[in-house]
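Listed below are the residues making up each chain.
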Amino acid sequence: MYCRSYAEIFPEAQAAIARWEGDLFGKYGDALMLNHYVAHVGPQTDGPTRYVIRENFTEKYGGNLLVPLRNDKQLSYGRIFENILDFSGREAAWPS
Amino acid sequence: MRDDTQHGDGAVQRPLPNLLQRTHEVQDDQILYRFGNGLTIKTEILRKPDRLRILPLGAPQGSLMNHMLHFPDIVHGKDVFESFAGSGALGFMALKLGARHVDFLDVNPCAVTFQVENAALNHFLASQYSAIEGDIATFIPTHKYDLILANPPFVPTPDGIEGTLTSNGGPEGNRFVVMLLQRLEECLHPDGQAFICLFQLVRHGEPLVCELLVRHLDHRVVELTPS
Numbered sequence: 001m002y003c004r005s006y007a008e009i010f011p012e013a014q015a016a017i018a019r020w021e022g023d024l025f026g027k028y029g030d031a032l033m034l035n036h037y038v039a040h041v042g043p044q045t046d047g048p049t050r051y052v053i054r055e056n057f058t059e060k061y062g063g064n065l066l067v068p069l070r071n072d073k074q075l076s077y078g079r080i081f082e083n084i085l086d087f088s089g090r091e092a093a094w095p096s
Numbered sequence: 001m002r003d004d005t006q007h008g009d010g011a012v013q014r015p016l017p018n019l020l021q022r023t024h025e026v027q028d029d030q031i032l033y034r035f036g037n038g039l040t041i042k043t044e045i046l047r048k049p050d051r052l053r054i055l056p057l058g059a060p061q062g063s064l065m066n067h068m069l070h071f072p073d074i075v076h077g078k079d080v081f082e083s084f085a086g087s088g089a090l091g092f093m094a095l096k097l098g099a100r101h102v103d104f105l106d107v108n109p110c111a112v113t114f115q116v117e118n119a120a121l122n123h124f125l126a127s128q129y130s131a132i133e134g135d136i137a138t139f140i141p142t143h144k145y146d147l148i149l150a151n152p153p154f155v156p157t158p159d160g161i162e163g164t165l166t167s168n169g170g171p172e173g174n175r176f177v178v179m180l181l182q183r184l185e186e187c188l189h190p191d192g193q194a195f196i197c198l199f200q201l202v203r204h205g206e207p208l209v210c211e212l213l214v215r216h217l218d219h220r221v222v223e224l225t226p227s
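As given, the protein sequences belong to chains A and B, one line each in that order. Note that my numbering gives residue 15 to position 15 of the first sequence, counting from 1, and the numbers run on in steps of one. Note that my numbering gives residue 73 to position 73 of the second sequence, counting from 1, and the numbers run on in steps of one.
Keep in mind that the hints were calculated from the coordinates and are not lab data. These numbers come from a predicted model, not from an experiment. Accuracy of the hints is not assured; some may be wrong.
[Unchecked claim] Quick list of in silico lysine-lysine cross-link-like pairs, DSS-like style, CA-CA up to 25 Å:
(1) B/K96 with A/K60
(2) B/K144 with B/K96
(3) A/K27 with A/K73
(4) A/K73 with B/K48
(5) B/K96 with B/K42
[Said to hold, decoys possible] Each pair of labels, with its calculated beta carbon distance range:
(6) A/D23 with B/R100: 41 to 49 Å
(7) A/A31 with B/L121: 42 to 50 Å
(8) B/G36 with A/G22: 46 to 54 Å
The beta carbon of each residue, even a glycine, is placed where N, CA and C say it ideally should be.
Please take these sequences and the hints and turn them into a complete structure.
Here it is in structure tokens:
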């Protein structure tokens with residue numbers, strides 16, 4: 001979805017996007033998803049570095065501060081639009 | 001090393017109220033944000049056609065600011081470092097909540113201008129902060145910080161699309177996250193903490209950053225919270 005969204009917004013860069021998509025799939029497989037995270041790095045301990053993925057956003061950071069996008073397509077477009085220099089003609093691709 | 005994904009400890013947790021009370025007004029290509037605790041932050045609009053534009057505030061920054069508002073002890077009296085600082089919103093919120101000093105670092109020369117202006121808007125003294133133009137890859141800290149705050153450029157971007165300085169995170173989105181993690185132990189006190197906003201490619205439920213955390217950090221526990 002993310003790679004497809006890039007191709008919709010930047011049709012002139014199809015070849016570069018296809019190469020990038022191929023590289024990602026070759027390295028990580030085709031089941032990649034996207035998500036925002038907050039990483040909270042704690043003080044040093046006696047043990048090795050470890051991580052835990054915890055579904056505690058609303059309790060820790062705020063009940064109404066989740067990234068306000070409704071689906072994968074909106075998430076993709078929202079982030080890609082942040083990265084656009086020239087918006088002319090590109091907003092037509094925005095999902096309704 | 002990974003712990004199993006956790007979904008809370010089973011106790012009923014209440015959502016953290018939003019204390020930001022954030023409003024904003026747009027004037028030409030700038031945005032002025034006002035927060036309930038009196039903090040004022042100036043940024044630029046998202047659509048400014050400038051690779052060096054100063055990123056407006058969104059949910060990632062808001063979530064860290066709300067956490068600080070609820071738990072001011074994490075910043076009170078602390079020596080703070082905000083890397084990829086842009087407008088300096090995270091660090092200035094820390095200062096507003098009693099941080100001792102904040103160093104802002106950004107490779108974007110426009111960021112220093114905004115940090116100085118935002119400090120003036122909030123009547124912070126020059127002795128309370130340093131606005132540094134520089135690259136995290138070569139930054140030489142003079143001491144270790146108690147707290148690091150960072151919202152690095154994290155948008156996965158194909159080679160061939162220029163993107164913006166504030167958002168282009170390279171093909172996998174982690175180009176600058178890696179730089180920060182490589183330098184983190186040099187910059188962060190052993191007892192210190194860091195909060196980093198991330199946007200991640202996720203494989204089998206695990207964001208790509210996990211491997212980087214284990215590789216670059218020493219004896220730390222990292223909690224990754226999906227947002």
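Consistency of the hints with the structure:
Between B/K96 and A/K60 the CA atoms are separated by roughly 20 Å; this keeps the pair inside 25 Å, and the hint holds. Using a Cα cut-off of 25 Å, the hinted pair B/K144 and B/K96 holds, with the two alpha carbons roughly 21 Å apart. Under the criterion of a C-alpha separation no larger than 25 Å, the hint pairing A/K27 with A/K73 is consistent with the structure, at around 23 Å. This hinted pair checks out: A/K73 and B/K48 have alpha carbons roughly 23 Å apart, not beyond 25 Å.
Simply put, B/K96 and B/K42 have alpha-carbon atoms about 15 Å apart, close enough for the 25 Å limit, and the pair holds. The supplied range of 41 to 49 Å is met by A/D23 and B/R100, whose beta-carbon atoms lie about 45 Å from each other. Here the CB-CB span from A/A31 to B/L121 is close to 46 Å, well matched to the stated 42 to 50 Å. Checking the proposed 46 to 54 Å range against B/G36 and A/G22 shows it holds: the Cβ atoms sit about 48 Å from each other.
The structure fails none of the hints (numbered hints given earlier).
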